[in-house]
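Here the protein sequences line up with chains A and B, keeping their order.
The numbers in the numbering used here rise by one with no breaks, and the one at position 173 of the first sequence is 173.
So the numbering used here is basically just the index in the second sequence, starting at one, shifted up by 1000.
It should be emphasised that the hints constitute simulated quantities derived from the structure, not laboratory data.
Misleading hints may appear alongside valid ones.
[What the hints assert, rightly or not] Here are the simulated lysine to aspartate or glutamate pairs, DMTMM-like style, with alpha carbons at most 25 Å apart:
#1 B:1036 / A:18
#2 A:219 / A:240
#3 A:14 / B:1055
#4 A:4 / B:1055
#5 B:1038 / A:240
#6 A:14 / B:1008
#7 A:28 / B:1045
#8 B:1036 / A:266
#9 A:196 / B:1045
#10 A:23 / B:1045
#11 A:14 / B:1012
#12 A:14 / B:1045
#13 B:1048 / A:240
#14 B:1036 / A:240
From a predicted model like this one, the values you see are computed outputs, not experimental measurements.
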Amino acid sequence: MTIKENRNSFLKAKVIFDDILFKANCDKNNSEDIKNIKLLQAREYNLDFETQLSDFICGEPGNSFPYRSSYYLTKFFKDLGLNYTHNGSTRRFWVKEVLQELNISQISFLIEKGLFNKKDFKLLENKKANNYENSIQEFRLFINDCLNENSIDLSYLLELNINVELLFDNQPQTKDEELNKLIKEAKDRFFIPQDKQVAIEKLWDAFERIKTYFGTDKKSSSNKLISLIAVDFSEEVINEEFKILTKIGNEFRIRHHETDKKDIIENKHLNYLFFRMLSLLDLCLITIKKNGQNDL
Amino acid sequence: MIDNKNIDNFIDLITEFNGFEGNLNSENVNRFEELKNKILAVLPENQKIRFSQLEFYSEIPENESNYQDDLPF
């Protein structure tokens, strides 16, 4: 058996490694690095990143970038100091292959100095309505779409995890429709990865709302709720839980969005806070149901 | 996720990987496959997909163009 190496794959693998090392070593206070990190996120999230960027470079129908023939594609890369010559194959596939051999710093350079080179927009005028401003909008949309490319959590599709189900299956059926709506929306959004932050915010809104379930005087209403929950358990523990979760809601960027509020970045912390709050709300809902809802 | 704690290990894997470029043969291909698996294990999710889509070599049977059963013309 003879082994025939594929050199292009080694080049592409090195680009993957380069990008990972860049991410690990970059300076998050450096403006150039910050730009490249965002671009890299778009590339990471969207497996078709190079295909879609290739469409812009080629000026394919449906976008506002100038059409580039074989000659101009070669010129495009050579002008940027990248020694690639179009080999006559399908333009967009060829460009995609080239892009896969460029690391994120090179891609960034290519976008800034090549894709948005105003001279090309003037030089390559043709039947297509090239438009510099529209191209900028299309590119921004492309990056935003890449960043929102998150797929749905498989556990949601498979309806897994019995413990989670117990919490999630308990549909709020209080007389306060707004409260029911907030909890339901929080649960629905939690399974969409990019909506987790919103899910947490909704849950904390529901918590503030449930505190006034027994009247507009928040203090006396929440004291009543705590007393009911604490029957045969511990008023001190429940009271403490109410206080701590209120404090978390105020100190982190959950209920308020001032610049001094701490962001919750890690998914594991979002999950922790979501389930901690959902458990307490679940306890509140069970208590309200058990004690009737006549006081609303 | 690759961070400051495990970056040295990752760099070691890359160095070993680079050593195979231009030197891949039937004798070391199994070691190369083992290395690929080690790399895959530490890559972030989507980079894992990209990396696993790459075909680093093709296997050509010996004497492929010289089969005994070939027609004599």
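Each hint, compared with the structure:
1. Of the pairs offered as hints, the one joining residue 1036 of chain B and residue 18 of chain A holds, with about 16 Å between alpha carbons and a cut-off of 25 Å not exceeded.
2. Straight-line distance between C-alpha atoms of residue 219 of chain A and residue 240 of chain A comes to about 14 Å, which keeps the hinted pair within the 25 Å bound.
3. At most 25 Å may separate the alpha-carbon atoms for a hinted pair to count; residue 14 of chain A and residue 1055 of chain B meet this at roughly 14 Å.
4. Annotation: proposed proximity of residue 4 of chain A to residue 1055 of chain B holds, straight-line Cα distance about 11 Å (limit 25 Å).
5. Restraint check for residue 1038 of chain B and residue 240 of chain A: not satisfied, since their Cα atoms lie roughly 47 Å apart, outside the 25 Å limit.
6. This hinted pair checks out: residue 14 of chain A and residue 1008 of chain B have alpha carbons roughly 16 Å apart, not beyond 25 Å.
7. Distance check on the hinted pair: residue 28 of chain A and residue 1045 of chain B sit about 22 Å apart at the alpha-carbon level, within 25 Å; holds.
8. Taking the CA atoms of residue 1036 of chain B and residue 266 of chain A, the gap is about 29 Å. The hint is violated against a cut of 25 Å.
9. Proposed proximity of residue 196 of chain A and residue 1045 of chain B is supported: the alpha carbons are some 19 Å apart, at most 25 Å.
10. Restraint check: the Cα-Cα separation between residue 23 of chain A and residue 1045 of chain B comes to about 15 Å, which is no more than 25 Å; the hinted pair holds.
11. Our distance criterion of 25 Å between C-alpha atoms is met by residue 14 of chain A and residue 1012 of chain B, whose separation comes to about 14 Å.
12. For the suggested pair residue 14 of chain A and residue 1045 of chain B, the alpha carbons sit about 17 Å apart, so the restraint of at most 25 Å is met.
13. Simply put, residue 1048 of chain B and residue 240 of chain A have alpha-carbon atoms about 44 Å apart, too far for the 25 Å limit, and the pair is violated.
14. Only pairs whose Cα atoms come within 25 Å are accepted, and residue 1036 of chain B paired with residue 240 of chain A is rejected, the gap being roughly 51 Å.
In terms of the numbered hints stated before, the structure departs from hints 5, 8, 13 and 14, listed from lowest to highest.
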